[in-house]
Amino acid sequence: MTIGTGGNAGPTFVGMPAVPTPAFPEAARTAVADPVLRGNLRHATHTIRAKRAAAVAELADWAELREAGRLIKDHTLRHLDTYLVRLEESVTAAGGIVHWAADADEANRIVADLVKATGESEVVKVKSMATQEIGLNEALEAEGIHAYETDLAELIVQLGDDRPSHILVPAIHRNRGEIRDIFRTRMASWGRPAPEDLTDRPAELAEAARLHLREKFLRAKVGVSGANFMVAETGTLVVVESEGNGRMCLTLPETLISVVGIEKIVPTWRDLEVFLQTLPRSSTAERMNPYTSMWTGTTDGDGPRVFHLVLLDNGRTDTLADRVGRQALRCIRCSACLNVCPVYERAGGHAYGSVYPGPIGAILSPQLRGTASEIDASLPYASSLCGACYDVCPVAIDIPEVLVHLRERVVQGGEAVRAGGKVVLRPAKGHAAERAAMRAARLALTHPGALRAGQRLASRTRRFHPRTLPGPGRAWTATRDLPPLPPEPFRDWWQRTNGGKDGAR
Amino acid sequence: MSGPVNSRDRILGRVRRALADVREEPGGELPYADAVPRAYLREHGDRTPAETVDLLAANLADYRARVHRCTEDDLPSLLARLLREHGSASLLVPPGLEPGWLAETDVERVEDRAESTPYDLDRVDSVLTGCAVAVAETGTLVLDGGPDQGRRRITLVPDHHICVVRVPEQVVSSVPRALDRLSPGRPLTWISGPSATSDIELDRVEGVHGPRTLEVVLLG
Amino acid sequence: MRVALFLTCVNDTLYPDTGKQVLKLLTRLGVEVDFPAAQTCCGQAHYNTGYRHEAEPLARHFSDVFGEFDAIVTPSGSCGAMVRELYPRMGERARAEGRGGELAAALAPVVPKTYELTEFLVDVLGVTDVGAHYPHRVTYHPTCHGLRSLGLGDRPRRLLEAVGGLELLELPGAEECCGFGGTFSVKNPDVSAAMGEDKVRNAVSTGAEVLCAADNSCLMHIGGTMSRLRVGVRPVHIAEILASTERETA
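Read top to bottom, the protein sequences are chains A, B and C.
Mapping of the first sequence onto our numbering: position 157 corresponds to residue 248, and the numbering continues sequentially without gaps.
Mapping of the second sequence onto our numbering: position 184 corresponds to residue 1195, and the numbering continues sequentially without gaps.
Mapping of the third sequence onto our numbering: position 94 corresponds to residue 116, and the numbering continues sequentially without gaps.
Quick caveat, the hints were computed from the structure, so don't treat them as lab data.
All C-beta atoms, glycine included, are put in the ideal place defined by N, C-alpha and C.
Please note: incorrect hints may appear among the correct ones.
Not close to chain A: a few residues of chain C, all C-beta gaps over 12 Å, as computed [claimed, not checked]:
#, residue
1, M23
2, G52
3, P58
4, R82
5, D92
6, A127
7, D145
8, E197
9, E198
10, P211
11, L241
12, H243
Restraint ranges, calculated between C-beta atoms of paired labels, are given here [to be verified]:
#, chain 1, residue 1, chain 2, residue 2, range
13, A, H134, B, Y1043, 17 to 27 Å
14, A, K207, B, D1131, 20 to 30 Å
15, B, T1059, C, G120, 51 to 61 Å
16, B, T1082, C, D176, 50 to 60 Å
17, A, P286, B, A1072, 43 to 53 Å
18, A, L302, B, G1098, 13 to 23 Å
19, B, R1034, C, P131, 28 to 38 Å
20, A, A544, B, R1027, 51 to 61 Å
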């Protein structure tokens, strides 16, 4: 079976730590050379960029909402212990059961045990980054429990035995024709087959998903979700969605299990007024997304009778310990930074080797997982530092600042926290030559005489300079010509002509 | 071995150690109310109540809800017409719905019972509810499970939802104003247009799992 | 007012003509400019590649060299942003690392006095019509650090619009990065090249003869791509356009 060329229908992603992924530059090379993938990403990101800008421009107080969002999240993070305990109290008081999971394995075990205790062998799932991150579906499968993704894009990924490539739209790398092919060939083996005469019209594809999933919703006894927000003072959880699959999973089953990162807390009910304005406009560029569900514990006669909340750490407290990097925990997973990123647009989501691709992924994955692997050590460099991500971030995460900070950690090492314990990281391998060059350059550049000597040598030998370079220089000259060297540097001209006053050119 | 209790302590301990630098900062912390200056607007623009209702209607329509306006007297005939035009033979009715609203339709009324299964609900053509509040700036209806709205599932499984909004009293301008009126203790569903997805090429398509047709009656 | 030209190490070495154009332009506007010969590099490449500690001595050197001037003018958005945005951050980081406020204090004087060229023209000199004449079709690429870090806004555009004979053409996707990004261009050469090629394609689509920007680093990448793709658009620093006069083009 061939479905386009963009998919890399490789091994199923197994959460964090990542499956062995090549460093970003190598992974990106494949994507850049794939015209179908390039076209799909370009079309989708350019569509949403213009819409987001228009949706944001509607609000005269966008800057103030963004600042309030930043401050709410920062305050929460700075008192996270207090708010976690408060949340636990209010969820418990409302009839929910709270669990704590230090890492992915523990979270998966808790969920698997809870499902088994119901006697069920299948669950329906709302799209959730946290459960993607911990590889919950694979862990449940190993325990004989089938997890059905119900978000349209997640369904496309699951049916295609593919990996997600975007936070909001995990199948953004697929175009409508590819989606039709996946539905036609794969739906039958998961349940209700796709209609025989399915075309690639988006409305028909959505209808096919509706019919395919409806039988699963109606019979489901256990639902699994994440949450966009948890309100500490009331114990309220919030899920923001579009299709209604979230409502199905949150209200029809008898048991609901929500796995949520500990950073998703906001202190008060009122805080939602900020994020319910900034998230939809940043994310799908809508004034409001079609459906938002809010629930507080359990309600007699309405919705699940049993509600479990699994609070997930999995590297978040390590991230919190870094005073520059902790701002990444403000993220509300809107994906505006992916959509605006010129690197993401060309490299695609898979190159980031994580469920968190794009600019936010480049600062989140190396913090949640550490910088030890090749992919994680390369992610902080997967950016031209153009700053477009920071501009659109609705909680003002200075992604370029954190990227540079993580580059420093990669090349210089230093103190960090892993799994709750302090470690001293060694400088990453493969940067020795660069480190020496940077040091040499610094020595030369703090001595103007040395700089001048180098410039003169270069100018004097300029006729012999090749147009293409060997070794590392080839990375430049493979696609770009070098500028010709001038006969003399400016400083020599300035000295020779007395600052141009002597008339010489 | 890490049971739930141990991991709770472990995570809280990690959080406290991670925040050591914050604790050492001089001056202490402001109380939450002062820590976050809220310079944003409570609502956008200056409108009369009638204009706010107009904005609600416009934004609902923009996201493909079908908007109707009528008086109390005309409501029964309007509802009868909407059900007829949709070809509905059966209608889910929440327990506290005004009985008079259905005076002019002979469509089969289906009550939502505690023992009703999702399969039962799936066989009903339409559902009729009131709402708790509607948000003009975003074109949003909020249901809070009140007697005229019923439990969450009844507005989800049927393919056709008619929602009656009393105007102007149930309409607020903005999201902040809506949250002021709502109780977090109740299960809440915010609905902005029929179900939709942006998952195919990031372009919006209406009609996935929730009701594909949303009709809103502005009653006033 | 004592004004210093901070040319930047890239311009000094590779683009001395840009320095001469800045000098010519400012002299025409009645500004006497000094070029402190001890200047070298602001440390941006070091800092942005993760070598903050190597960048610190360069920042101190910059402050030593330029501290005595009233205004420091640079024809580079990214080097200007290094001083204005990142020098204060280096000071804060040193403080957070328990090294006290000494670095912050050493760097503080140069921060508010450093201006990117178009900022200096519009904000300090208060001119938008610099008396230039450049009879060509030009499209303008706002470089990322000028646009987003320094917030140059429409200053370059206002300057270009006032140039005699110049036809300014809208660049599609103007605010998208050209793909240079310093060491990004060699660490991620495929993505960098793809971004550069798209930028060049957009420039060609305008029908312009010249793509203009206020940063030679970006222009080196864009120009190198143009040269390789053999397109008929030339990369030109904004200083060259603003320095040009009717007398020369006649």
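Cross-check of the supplied hints:
no.: 1; hint: M23; result: holds (17 Å)
no.: 2; hint: G52; result: holds (15 Å)
no.: 3; hint: P58; result: violated (9 Å)
no.: 4; hint: R82; result: violated (8 Å)
no.: 5; hint: D92; result: holds (18 Å)
no.: 6; hint: A127; result: holds (19 Å)
no.: 7; hint: D145; result: holds (21 Å)
no.: 8; hint: E197; result: violated (8 Å)
no.: 9; hint: E198; result: violated (5 Å)
no.: 10; hint: P211; result: violated (4 Å)
no.: 11; hint: L241; result: violated (9 Å)
no.: 12; hint: H243; result: violated (6 Å)
no.: 13; hint: A:H134 <-> B:Y1043: 17 to 27 Å; result: violated (44 Å)
no.: 14; hint: A:K207 <-> B:D1131: 20 to 30 Å; result: holds (29 Å)
no.: 15; hint: B:T1059 <-> C:G120: 51 to 61 Å; result: holds (60 Å)
no.: 16; hint: B:T1082 <-> C:D176: 50 to 60 Å; result: holds (53 Å)
no.: 17; hint: A:P286 <-> B:A1072: 43 to 53 Å; result: violated (31 Å)
no.: 18; hint: A:L302 <-> B:G1098: 13 to 23 Å; result: holds (19 Å)
no.: 19; hint: B:R1034 <-> C:P131: 28 to 38 Å; result: holds (34 Å)
no.: 20; hint: A:A544 <-> B:R1027: 51 to 61 Å; result: holds (55 Å)
Violation of the numbered hints given earlier is confined to hints 3, 4, 8, 9, 10, 11, 12, 13 and 17; the remaining hints are satisfied by the structure.
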